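Undergrad: The lines below spell out each chain.
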Amino acid sequence: MKIHKERIDLKSTTQIEFLDITNEVQEIVHRSGIREGQVLIYVPHTTMGVAINHNEPMLLQDFMRILYKVVPVDDQYSHDLFELRRETKSDGRSNGHSHCKAILLGNSETVPVEKGQLLLTERQNIFAVEFDGARERDVVIQVIGY
Amino acid sequence: MKIHKERIDLKSTTQIEFLDITNEVQEIVHRSGIREGQVLIYVPHTTMGVAINHNEPMLLQDFMRILYKVVPVDDQYSHDLFELRRETKSDGRSNGHSHCKAILLGNSETVPVEKGQLLLTERQNIFAVEFDGARERDVVIQVIGY
Amino acid sequence: MKIHKERIDLKSTTQIEFLDITNEVQEIVHRSGIREGQVLIYVPHTTMGVAINHNEPMLLQDFMRILYKVVPVDDQYSHDLFELRRETKSDGRSNGHSHCKAILLGNSETVPVEKGQLLLTERQNIFAVEFDGARERDVVIQVIGY
Chain A
2 MKIHKERIDL KSTTQIEFLD ITNEVQEIVH RSGIREGQVL IYVPHTTMGV AINHNEPMLL
62 QDFMRILYKV VPVDDQYSHD LFELRRETKS DGRSNGHSHC KAILLGNSET VPVEKGQLLL
122 TERQNIFAVE FDGARERDVV IQVIGY
Chain B
2 MKIHKERIDL KSTTQIEFLD ITNEVQEIVH RSGIREGQVL IYVPHTTMGV AINHNEPMLL
62 QDFMRILYKV VPVDDQYSHD LFELRRETKS DGRSNGHSHC KAILLGNSET VPVEKGQLLL
122 TERQNIFAVE FDGARERDVV IQVIGY
Chain C
2 MKIHKERIDL KSTTQIEFLD ITNEVQEIVH RSGIREGQVL IYVPHTTMGV AINHNEPMLL
62 QDFMRILYKV VPVDDQYSHD LFELRRETKS DGRSNGHSHC KAILLGNSET VPVEKGQLLL
122 TERQNIFAVE FDGARERDVV IQVIGY
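Chains as they are written, first to last, in our numbering: chain A, 2 to 147; chain B, 2 to 147; chain C, 2 to 147.
Hints are computed from structural coordinates only; laboratory data are not their basis. Please read these numbers as outputs of a predicted model, since none were measured by experiment. A couple of the hints might just be wrong.
No copy labels: a pair is met if it fits in one copy or bridges any two.
Straight line, CA to CA, 35 Å or less: simulated DSBU-like cross-link-like pairs of lysine-lysine [claimed, not checked]:
#, residue 1, residue 2
1, K116, K70
2, K3, K116
3, K3, K70
4, K70, K12
The whole structure should be built from the sequences, with the hints applied where relevant.
TA: Structure (structure tokens):
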């Protein structure tokens, strides 16, 4: 049984973005040499989440619309006052809503590995979901198995 | 340390359904012979999610009502146009909402195994949650430990 | 490769509460002696969830407001009738909404361990999120690695 960990470096280009990392995760599984086991997809950020679904642009737009209805941008977030007071966020842009969206998605998902392949069906893709871009980001991929 | 993986074959009978797989998961843990470790419950689908909670029918109904309020069926989903154009879905039924609900639940949960038993309290059950049935489905269960 | 499991005993003091368990989880990782691997945070309850985000009180308040908008307390939950009939809940308080909130958050998250440290960035904290307190609770922490 072994463990293999790598980071994927990403650059989001807009505030909200589904970054498809399926190929990068599969390449890491290959490099690990692990044939049977599982892979952890973990986002070490507070305004980014993990999702697995179909990479169909209209569907991703539907999901974002739902998420914006639940967590609107044009709402009052106390956290934005905190950031303003502390001057901890250089761009001064509100991101209270980004944190809330990220919590709803969660920071980790685990996918089995079978015969060296991610156990995904044809329409499943792995996404790091940006809620406060554009930014440089990284995602941690950890493969466990033999 | 070893890894044991099995699939559970399921058949949902309605469009939306909580399929309780607790006993099947426990049986797989038994067959694995693993006494200490953890079990991954993973759904390899885009319109199905995983949830752990009390198998109390009225509660499950409450949760579905909440989920339908957040992601209504009688709404416009761009994804449904995509499916119509591509004719990729033979029944022609809208399922944009099903994908959105599945993303909110997530595809994986992990439960510790202690002395060969799932570490669940009396009222916890493991569900594969169907959002686009009736269909034949499978869920992947992977036990890691010794 | 080894596995190390411990429970964290918690006491929530209000109905809704973000309990920051980051330090306790890090201490368990230290005691495990595991340097490279991952840690599972698992909540064995039906009215409690797991979240990872910034421990900034105003942000946590924002998130709770969102969650209460999605799952209001002053709504009718069929589950509350179930509990009343069965007299299974001694305090008679409605908690249908607590279950629904817990399902949305999920019961487990996994965080990588690197050089004996939780792989968290400066603003990430691990929370057990109470939705039906005040109660005595426990959370299960399981470290896997070498």
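Undergrad: So, for every hint listed, does it hold in this structure?
TA: Structure-based check of each hint:
For the identical chains of this complex, K116 and K70 are neighbours neither inside a copy (41 Å) nor across copies (41 Å), given an alpha-carbon limit of 35 Å. When the C-alpha separation of K3 and K116 is checked against a cutoff of 35 Å, the pair qualifies both within a copy, at 15 Å, and between copies, at 16 Å. Proximity of K3 and K70 under a CA criterion of 35 Å is satisfied in neither setting, with 43 Å inside one chain copy and 45 Å between copies. Taking the shortest Cα distances, K70 and K12 sit within 35 Å of each other both inside one copy (26 Å) and across copies (33 Å).
When each numbered hint is compared with the structure, violations occur for hints 1, 3.
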